[in-house]
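Take a look at the letters that make up each chain.
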Amino acid sequence: AQTVTQSQPEMSVQEAETVTLSCTYDTSENNYYLFWYKQPPSRQMILVIRQEAYKQQNATENRFSVNFQKAAKSFSLKISDSQLGDTAMYFCAFRLYSGGGADGLTFGKGTHLIIQP
Amino acid sequence: DVKVTQSSRYLVKRTGEKVFLECVQDMDHENMFWYRQDPGLGLRLIYFSYDVKMKEKGDIPEGYSVSREKKERFSLILESASTNQTSMYLCASSPQGGWNTEAFFGQGTRLTVV
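Protein sequence lines, in the order shown, are assigned to chains B and C. According to the numbering used here, the residues represented by the first sequence are 7 to 123, in order. According to the numbering used here, the residues represented by the second sequence are 4 to 117, in order.
Fair warning: there could be bad hints in the mix.
[Said to hold, decoys possible] Covered stretches of chain C (in silico footprint by chain B; criterion: 3 or more residues with CB under 8 Å from a CB of chain B, positions within the stretch not fixed): (1) 14-24; (2) 38-51.
[What the hints assert, rightly or not] The calculated label-pair distances, taken between Cβ atoms and stated as ranges, are: (3) C:K73 x B:Q75: 14 to 24 Å; (4) C:E82 x B:S80: 20 to 30 Å; (5) B:P15 x C:Q110: 20 to 30 Å; (6) B:Q75 x C:S85: 21 to 31 Å; (7) B:A22 x C:P64: 22 to 32 Å; (8) B:Q122 x C:M57: 45 to 55 Å; (9) C:S68 x B:Q20: 39 to 49 Å; (10) B:L90 x C:Q110: 45 to 55 Å; (11) C:I63 x B:D32: 39 to 49 Å; (12) C:D31 x B:T33: 42 to 52 Å; (13) B:N68 x C:E25: 32 to 42 Å; (14) B:Q75 x C:R17: 46 to 56 Å; (15) C:G19 x B:P123: 43 to 53 Å.
Hints in this document: simulated from the structure, not taken from any laboratory. Glycine included, every Cβ here is placed at the ideal spot set by N, Cα and C.
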């Protein structure tokens with residue numbers, strides 16, 4: 007079974023600062039995907055960024071980037087130039103590769119990120 | 004845009020009632036999922052389905068069942084609701100295909116069992 011650990015239950019930073027959310031995972035498999043999801047107060051889960059385990063290059067989406075360390079089983083999210091709208095719960099998630107993609111996501115417990123004005 | 008719609012945002016039910024949570028997606032996705040979200044526990048998979056009439060247990064299926072009679076609809080059933088099933092329930096769907104498929108979520112149903 008896979009596990010995902012987010013060690014920071016809550017973080018608070020000032021607007022425009024850079025913040026890094028940590029995530030570690032445990033698996034014996036080699037092919038998998040990693041995701042960061044954002045859940046604002048509206049409760050709508052939104053995909054922030056994804057990473058394929060076979061890719062060494064770290065994924066980047068505008069102000070969001072990841073530091074993927076496969077050997078260390080670490081997948082941290084960096085948010086640059088943080089904005090008030092980034093305030094949300096952030097979940098790290100893991101999914102094994104399968105032909106049909108039907109395997110569910112395994113989530114961490116989440117990090118509540120608060121951006122202060 | 005992909006849309007996953009859950010029938011209720013808030014629901015209050017009594018202990019022992021049979022409860023149906025409905026989820027509909029409009030993108031012809033093969034895979035559908037039900038998660039439960041609790042503070043400090045993150046999201047946990049209850050059941051998933053990869054095709055009509057097919058279902059698989061997730062990590063916490065006890066006390067729940069599901070139904071998928073049509074591709075677009077996936078129902079979560081609490082046969083006899085209990086107070087420990089008070090939670091946020093999230094439905095998700097994703098297309099078939101192993102490479103990098105994204106799951107799309109509904110807005111959640113906050114269920115309170117009294």
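CB-CB spacing for Q75 (chain B) and K73 (chain C) relative to the 14 to 24 Å hint: 43 Å, violated
Taking 43 to 53 Å as the stated bounds, is the beta-carbon spacing between G19 (chain C) and P123 (chain B) within them? 47 Å, holds
State, for the Cβ atoms of D31 (chain C) and T33 (chain B), whether the hinted interval 42 to 52 Å holds or is violated. 31 Å, violated
Evaluate the given range 46 to 56 Å for the C-beta pair formed by Q75 (chain B) and R17 (chain C). Between Q75 (chain B) and R17 (chain C), where Cβ atoms are some 49 Å apart, the hint holds.
Three-residue Cβ test at 8 Å for the coverage of the segment 14-24 of chain C by chain B: violated (count 0)
Is it true that Q75 (chain B) and S85 (chain C) lie within 21 to 31 Å of each other by Cβ? At roughly 42 Å between Cβ atoms, S85 (chain C) and Q75 (chain B) fall outside 21 to 31 Å, so the hint is violated.
Looking only at beta-carbon atoms, does the pair E82 (chain C), S80 (chain B) fall within the given range of 20 to 30 Å? 41 Å, violated
Is it true that the C-beta distance of A22 (chain B) to P64 (chain C) lies inside 22 to 32 Å, as the hint says? 45 Å, violated
When you take the CB atoms of S68 (chain C) and Q20 (chain B), is the distance between them in 39 to 49 Å? 48 Å, holds
Verdict for N68 (chain B), E25 (chain C) (Cβ pair) under range 32 to 42 Å: Distance hint for N68 (chain B), E25 (chain C) holds at roughly 35 Å.
CB of Q122 (chain B) to CB of M57 (chain C), is that within 45 to 55 Å? For M57 (chain C) against Q122 (chain B), whose Cβ atoms are near 47 Å apart, the range 45 to 55 Å holds.
Hint says 20 to 30 Å; check whether the CB-CB distance for P15 (chain B) and Q110 (chain C) agrees. 24 Å, holds
When held up to the earlier numbered hints, the structure conflicts with 1, 3, 4, 6, 7, 10, 11 and 12 and fits the remainder.
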